[in-house]
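Chains as they are written, first to last, in this note's numbering: chain P, 1 to 545; chain B, 546 to 842.
No wet-lab data here; the hints were simulated from the structure. Incorrect hints may appear among the rest.
[Claimed, not checked] In the EDC-like style, the derived pairs of lysine to aspartate or glutamate whose C-alpha atoms are separated by at most 20 Å in a straight line are:
hint	chain 1	residue 1	chain 2	residue 2
1	B	K724	P	D330
2	P	K377	P	E246
3	P	K408	P	D153
4	B	K821	P	E457
5	B	K821	P	D291
6	P	K209	P	D153
[What the hints assert, rightly or not] For each label pair, taking beta carbons as the anchor points, the in silico distance ranges come out as:
hint	chain 1	residue 1	chain 2	residue 2	range
7	P	R263	B	Y716	49 to 59 Å
8	B	D715	P	E387	29 to 39 Å
9	P	G378	B	K733	53 to 63 Å
10	P	K377	B	P774	30 to 40 Å
11	B	E800	P	K377	49 to 59 Å
12	P	D218	B	Y619	49 to 59 Å
13	P	D354	B	R602	28 to 38 Å
Where is the CB? At the ideal position from N, CA and C, for every residue including glycine.
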Amino acid sequence: MADLFDGYSLGEQWDEMFARAGEPRAAYAGLFASLQPMAGEELAARADVLSQTYRDAGVTFAHAGEEQPFPLDIVPRVIGAEEWAVIERGVAQRVHALEAFLADVYGAGQVFADRVVPRSVVTTSAHFHRQAHGLVPPNGVRVHVSGIDLVRDEAGDFRVLEDNLRSPSGVSYVITNRAAMSQVLPELFADHRIQPVADYPSRLLAALKASAPSNVADPTVVVLTPGVYNSAYFEHALLARQMGVELVEGRDLVCAGNHVSMRTTDGQQRVDVIYRRIDDEFLDPVHFRPDSVIGCAGVLNAARAGRVTIANAVGNGVADDKLLYTWVPDLIRYYLGEEPVLANADTYRLDERDTVEWVLESLDQLVLKPVDGSGGKGIVIGPRADETTLDDLAVKVRARPRDWIAQKPIGLSTCPTLIGGRIAPRHVDLRPFAINDGSTVWVLPGGLTRVALPEGELVVNSSQGGGSKDTWVLSPPRQTAEPEPELTTIEFTAVDLPEDPPAQDPGPLNDTVVGQGQQQQQGAFMAITAAGRVAHVRPEGQLWP
Amino acid sequence: MSQAQTFEPTTAARPAAHRWRLQVVHRTRFHYTGPVRSSYNEARLTPESSNRQTTLRSKVEIEPVATAYAYRDYWGSTVTAFDLHSPHAELVVTGTSIVEAGPELGGHDRVGWSGLRAREVRQQFGELLSPTPLTAMDDDVVVQARTAVGETHPHEAGPLICRFVRDHMDYLSGSTNVKTNAMQAWTKGQGVCQDISHVTVGLLRALGLPARYVSGYLHPTPGAEIGQPVTGESHAWVEWWDGGWNAFDPTNSVEIGTRHVTLGRGRDYGDVPPFKGLFSGPRSEGHTVTVEVTRLA
């Protein structure tokens, strides 16, 4: 039988699965053992079912103006618990620092007074919206949802490529990928303890409700979409459905006297929180583009008056500007007094003539990124660009250096991917999603792994035709000697405990739960364990049955 | 029937001989060809309080009745925001203020050209050193302005630029509109205070002086009689920084003093429009603006 992994070539870059040829890393041992004996045809057949599932579910992404199924690779990416803990800490740390920075930018501006970040970096940003100055969100949160893009470098370290603090998209694929994969490869799910992703919508809803203006007993949340022509409409609809809230367009909302309502069949209903997936420029024609018809007039002043919460907040773009990105490690030190857990990619600011000249001379060895580009648009990878491209680039960079940053190319890690019935290495990145509810920053275990399907391709953005992988974060090994607070707080004596538990006592459920726990939610699993233990303890004054 | 937003003075009023007490009534009347069903608006009609001007009382009245909401914007102007949802064919917004105004108090340490070129200054005043679409000036005009200034200290350069602009531009009411940019007005050689101010801040910035556009009112009569209401106008002038802020009225070639009432400042007119809004409904038949100023003391 031909081995699926025959001919899998390891390059210079870090490979997610293999430390050396034929030697999987610890987190991948189970996956490798399951996949290796499988014939290429069988895996391909399952992949067909997978893509069929996807097409049936209508999981699409607009690429080059066309709605296409978003390709999901059948080989998952696995991240071990310890490694994930680092990512989790690093992402949360970044979000905390960027939240503090945004509050400062639209408030006191202490960071400028203390000369940590030059004021002009913010005032020259296209996403600095003076209209949002002095607007303080009810629970202080501006970055309700973020997506922090990471890549793994040659040494195996995760590095931050960019922060997405406006309307990061892709989380719907994380949810649908998991659902589809568990149907097609159920045996893999039986062998692994994978942290669940299905609770993202409920976490998001809780965070949105927590951000509602005060004095609202049961806040009404809506998802505001630009409409069916938006590339992420599928996601908007999925999140609204899974949160159980209305999906609205601008014309469904009306502001009057600084209150926002939605038009429903029962008349107007008050709206407290708008999870908007419309860009700032189109959100409120009173303050931004007066010709925008997809937004809602007056919504910004309603937010300023504290009657409605806009999530994510208006003006977050100043903090995910790629030039500002170069200061994020300093912001972490300044606001949190901590060292960054995750390093940035090596980046050069084009703010000094010498640097600009050096960058212009080295264009063929650098990656040049427009500071306000998104979706991988406008990125030039020097070593792969032809002369004309580099010449054009040089003219643009010379004219407006503020619009660019330069990075040393990172050899993105590769991950085994099913390509034409065989497994081959393809470059991947990772977008973990974080939700800030005002008291904690929760990082969805896993996030979106994007894979560049053409061989050697380094740009993995979905808007550039990439695919994705289900991303598994393994649960930490169970600690057998874990202290149980329930047991320590209840007093009992030896006479209370029967020699043998009666037959109807369920007993410790740990083992059975673990066996089926891989698809359980972590929270439920904990509750069952606790209940199982507590069942040993007899309430005081009662006789054991 | 109207509803008003009243702003109490934050600093104690100290009438002084070199100050005038002025009342300004600024009324904007919009006419529509039929009922407007929905309208969202912002008015910047509340004068500031500073070391040269004290706002004793200010209110904004809206007809038909509307719930107004006030906030301070990024540039420090007080904004009255309101929306209307009952059908109306006319909208009248009236700002009434009583202020005491006089010349700038105190001086400041001045910096030279090298001080203005310092990185910190350029960082701090970046947005007041960059051209905006309304204030951008062509290079050849900048070269002329630079020649006019010569080697003089920045402190003298400011008034020289104001004079340079005024020498090339005639004040002519109605020759431009609110969307006219600085170069268009310059090319015409004509404009109103707004255009002359846009050209002036554009050139001041091009020369390296942080400069801002000021929106306000002017009592037209020096030595005005007390208690006599006269027709005034919305006015605009400029300020530039040379270690501290200096103000000048390039349209009238006068210092800012007892006759000037400051509303607010920004990069250009677009940052401090007295009134802006959106409405849905039939065509607008246009609007009329009246400003009445009275010297009270």
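Consistency of the hints with the structure:
1. B:K724 with P:D330: violated (42 Å)
2. P:K377 with P:E246: Roughly 32 Å separates the two Cα atoms, so the pair is violated.
3. P:K408 with P:D153: holds (11 Å)
4. B:K821 with P:E457: Violated. K821 (chain B) to E457 (chain P) sits at ~50 Å, over the 20 Å cutoff.
5. B:K821 with P:D291: Given pair K821 (chain B), D291 (chain P) holds - Cα atoms ~14 Å apart, limit 20 Å.
6. P:K209 with P:D153: Status violated; Cα separation ~38 Å.
7. P:R263 with B:Y716: 49 to 59 Å: holds (50 Å)
8. B:D715 with P:E387: 29 to 39 Å: violated (54 Å)
9. P:G378 with B:K733: 53 to 63 Å: violated (39 Å)
10. P:K377 with B:P774: 30 to 40 Å: The hint (30 to 40 Å, Cβ to Cβ) is violated, given that K377 (chain P) and P774 (chain B) are roughly 59 Å apart.
11. B:E800 with P:K377: 49 to 59 Å: Given a distance of about 52 Å, which is inside 49 to 59 Å, the answer is holds.
12. P:D218 with B:Y619: 49 to 59 Å: Between D218 (chain P) and Y619 (chain B), where Cβ atoms are some 34 Å apart, the hint is violated.
13. P:D354 with B:R602: 28 to 38 Å: Violated, at about 57 Å.
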